[in-house]
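Trainee: Working from the sequences, and respecting the hints, build out all of it.
To convert, take the position in the sequence shown, counting from 1, and add 225; that gives my numbering.
There's no promise every hint is true.
[Stated by the list, open to error] Estimated spans, in silico, between C-beta atoms of each pair:
#1 V373 - K333: 20 to 26 Å
#2 E379 - R294: 30 to 36 Å
#3 G467 - S359: 26 to 32 Å
#4 D522 - A228: 19 to 25 Å
#5 V373 - E479: 47 to 53 Å
#6 T452 - D374: 34 to 40 Å
#7 E285 - E379: 42 to 48 Å
#8 K457 - R334: 25 to 31 Å
#9 P400 - G378: 20 to 26 Å
[Unchecked claim] In silico DSS-like pairs for lysine-lysine, Cα to Cα no more than 27 Å straight-line:
#10 K443 - K457
#11 K538 - K263
#12 K295 - K333
#13 K263 - K443
#14 K541 - K333
#15 K443 - K533
#16 K263 - K541
#17 K538 - K443
#18 K458 - K443
#19 K263 - K253
#20 K263 - K457
#21 K358 - K295
#22 K541 - K443
#23 K295 - K253
#24 K333 - K443
#25 K533 - K263
#26 K541 - K253
It should be emphasised that the hints constitute simulated quantities derived from the structure, not laboratory data.
The C-beta atom is built at its ideal place from N, Cα and C for all residues, glycine as well.
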Amino acid sequence: MPALSLERVRALRLISQLLAPSAALNFKSERNAVDVAKHMLASQAQQRGSALVALDTRSENADAATALRKSLLIRSWTQRGTHQILAAEDVRWMTLLCSPRILAASAKRRSSLSLDSAAVQRARDALTTAAEKSPVSRTQAYEIFRSVDVDPGEHRGQHLLRHFGGEGDIVQGPPIGTEDSFVLLDSICPLSLALNGDEALTEMTRRYFHSRGAATVKDLVWWTGLTVRDVKKGIAAVSSDGLIHSVEGPNGEEMWIPTWADDVTDAEVSDALALELTLPAFDEYLLSYTDRSHVMDPEHLFSIGPGKNGVFKPFKVVQGEALPV
Numbered sequence: 226m227p228a229l230s231l232e233r234v235r236a237l238r239l240i241s242q243l244l245a246p247s248a249a250l251n252f253k254s255e256r257n258a259v260d261v262a263k264h265m266l267a268s269q270a271q272q273r274g275s276a277l278v279a280l281d282t283r284s285e286n287a288d289a290a291t292a293l294r295k296s297l298l299i300r301s302w303t304q305r306g307t308h309q310i311l312a313a314e315d316v317r318w319m320t321l322l323c324s325p326r327i328l329a330a331s332a333k334r335r336s337s338l339s340l341d342s343a344a345v346q347r348a349r350d351a352l353t354t355a356a357e358k359s360p361v362s363r364t365q366a367y368e369i370f371r372s373v374d375v376d377p378g379e380h381r382g383q384h385l386l387r388h389f390g391g392e393g394d395i396v397q398g399p400p401i402g403t404e405d406s407f408v409l410l411d412s413i414c415p416l417s418l419a420l421n422g423d424e425a426l427t428e429m430t431r432r433y434f435h436s437r438g439a440a441t442v443k444d445l446v447w448w449t450g451l452t453v454r455d456v457k458k459g460i461a462a463v464s465s466d467g468l469i470h471s472v473e474g475p476n477g478e479e480m481w482i483p484t485w486a487d488d489v490t491d492a493e494v495s496d497a498l499a500l501e502l503t504l505p506a507f508d509e510y511l512l513s514y515t516d517r518s519h520v521m522d523p524e525h526l527f528s529i530g531p532g533k534n535g536v537f538k539p540f541k542v543v544q545g546e547a548l549p550v
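Mentor: Pasting the structure below:
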């Protein structure tokens with residue numbers, strides 16, 4: 226297969242991310258936000274509202290906010306220690322797969338926060354007991370920590386909530402007023418997919434390239450927070466099943482694409498690039514990849530993101546290129 230042109234990389238990403246159509250992908254047309262979330266597996270949700278817009282942009286029904294209220298979608302910290310939105314059934318296995326390295330780094334911070342293992346366990350037990358009954362607001366969570374002699378001040382409360390979320394049992398529930406809420410995952414989603422170990426790694430790899438290809442090993446390492454060794458192991462499993470294959474990228478780099486991408490026609494590439502889109506802050510069109518140079522000129526680093534503060538702004542897409550709004 227000839228090397229991918231820059232234009233084809235952009236078009237394949239638009240198509241795989243459900244931003245442009247192709248008969249090759251064969252994804253159902255009457256899709257809702259939960260369908261999109263399952264396809265995307267995880268979508269950056271630093272800003273809740275932007276994440277909901279991102280899902281609705283890719284669906285036929287603007288129902289992401291309703292799905293979140295009904296806990297069909299869940300906001301949690303599955304990877305990189307940042308908020309993501311997923312279909313409820315995917316939260317636990319993705320968290321257990323991607324969070325161990327983040328949890329280990331988090332634990333090393335405790336001495337600087339004056340938190341010992343006993344305090345962490347008291348806070349965990351108290352929050353789990355309360356969150357099993359009903360969603361707990363952030364303010365209520367901090368009061369619960371104080372009730373077991375754990376001071377949430379000086380970033381300790383924030384650290385604990387994020388750490389417990391990374392363990393896979395506590396997730397964010399529907400907002401309580403203007404505050405985030407926290408709830409026990411099993412109380413709102415008793416039927417999580419039972420994936421672990423190599424099976425989870427293979428499923429994650431398959432879905433990533435199915436919804437993000439063309440992409441590189443480094444892209445998937447960044448997106449998941451997993452090691453290069455683990456990512457290559459997942460790629461080997463999925464490629465041996467004939468679901469993805471490697472191809473030379475526009476700069477001579479090795480890229481991986483789903484096998485359906487071979488059937489994307491030149492006309493569909495042209496149609497995808499002809500679309501003009503406006504996408505929300507932190508959209509996966511950028512956040513799915515560590516190397517964003519295929520779709521964004523480095524000169525836009527500060528006008529779109531991440532800039533110095535790590536914040537991404539809304540942007541438009543013209544000919545597959547991300548441009549400032």
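Trainee: None of the hints should be skipped; say for each whether it holds.
Mentor: Each hint tested on the structure:
Hint check: V373 to K333, Cβ distance near 23 Å, so the stated range 20 to 26 Å holds. A hinted range of 30 to 36 Å holds for the C-beta pair E379 and R294, which are about 33 Å apart. Distance hint check: the CB atoms of G467 and S359 are about 47 Å apart, inconsistent with the given range 26 to 32 Å. The hinted window of 19 to 25 Å between D522 and A228 holds, with their beta carbons roughly 21 Å apart.
Checked against the hint of 47 to 53 Å, the C-beta distance between V373 and E479 comes to roughly 51 Å, which is consistent with it. In this structure the hint that T452 and D374 lie 34 to 40 Å apart at CB holds, the actual value being about 38 Å. Between E285 and E379, the C-beta spacing of about 47 Å keeps the proposed range 42 to 48 Å intact. Roughly 30 Å separates the CB atoms of K457 and R334, a value that falls within the hinted 25 to 31 Å.
The hinted window of 20 to 26 Å between P400 and G378 holds, with their beta carbons roughly 23 Å apart. As the CA atoms of K443 and K457 are separated by approximately 10 Å, the hinted pair is consistent with the 27 Å bound. Taking the CA atoms of K538 and K263, the gap is about 25 Å. The hint holds against a cut of 27 Å. Pair hint K295 plus K333 does not hold up; C-alpha atoms about 36 Å apart against a cutoff of 27 Å.
For the proposed pair K263 and K443, the alpha carbon gap of about 23 Å is at most 27 Å, so the pair holds. In summary, the hint linking K541 to K333 is not supported, as the alpha carbons are separated by about 40 Å, beyond the 27 Å threshold. For the given pair, K443 sits about 22 Å from K533 by alpha-carbon distance, which is consistent with the 27 Å threshold. For the suggested pair K263 and K541, the alpha carbons sit about 25 Å apart, so the restraint of at most 27 Å is met.
The straight-line distance between the Cα atoms of K538 and K443 is roughly 23 Å, inside the 27 Å bound, and the hint therefore holds. As the CA atoms of K458 and K443 are separated by approximately 13 Å, the hinted pair is consistent with the 27 Å bound. Under the criterion of a C-alpha separation no larger than 27 Å, the hint pairing K263 with K253 is consistent with the structure, at around 13 Å. The hinted pair formed by K263 and K457 meets the criterion: a straight-line CA distance of about 23 Å does not exceed 27 Å.
For the proposed pair K358 and K295, the alpha carbon gap of about 16 Å is at most 27 Å, so the pair holds. The straight-line distance between the Cα atoms of K541 and K443 is roughly 25 Å, inside the 27 Å bound, and the hint therefore holds. Pair hint K295 plus K253 holds up; C-alpha atoms about 23 Å apart against a cutoff of 27 Å. Restraint check: the Cα-Cα separation between K333 and K443 comes to about 26 Å, which is no more than 27 Å; the hinted pair holds.
At roughly 32 Å between alpha-carbon atoms, K533 and K263 are farther apart than 27 Å, so this suggested pair is violated. Under the criterion of a C-alpha separation no larger than 27 Å, the hint pairing K541 with K253 is consistent with the structure, at around 25 Å.
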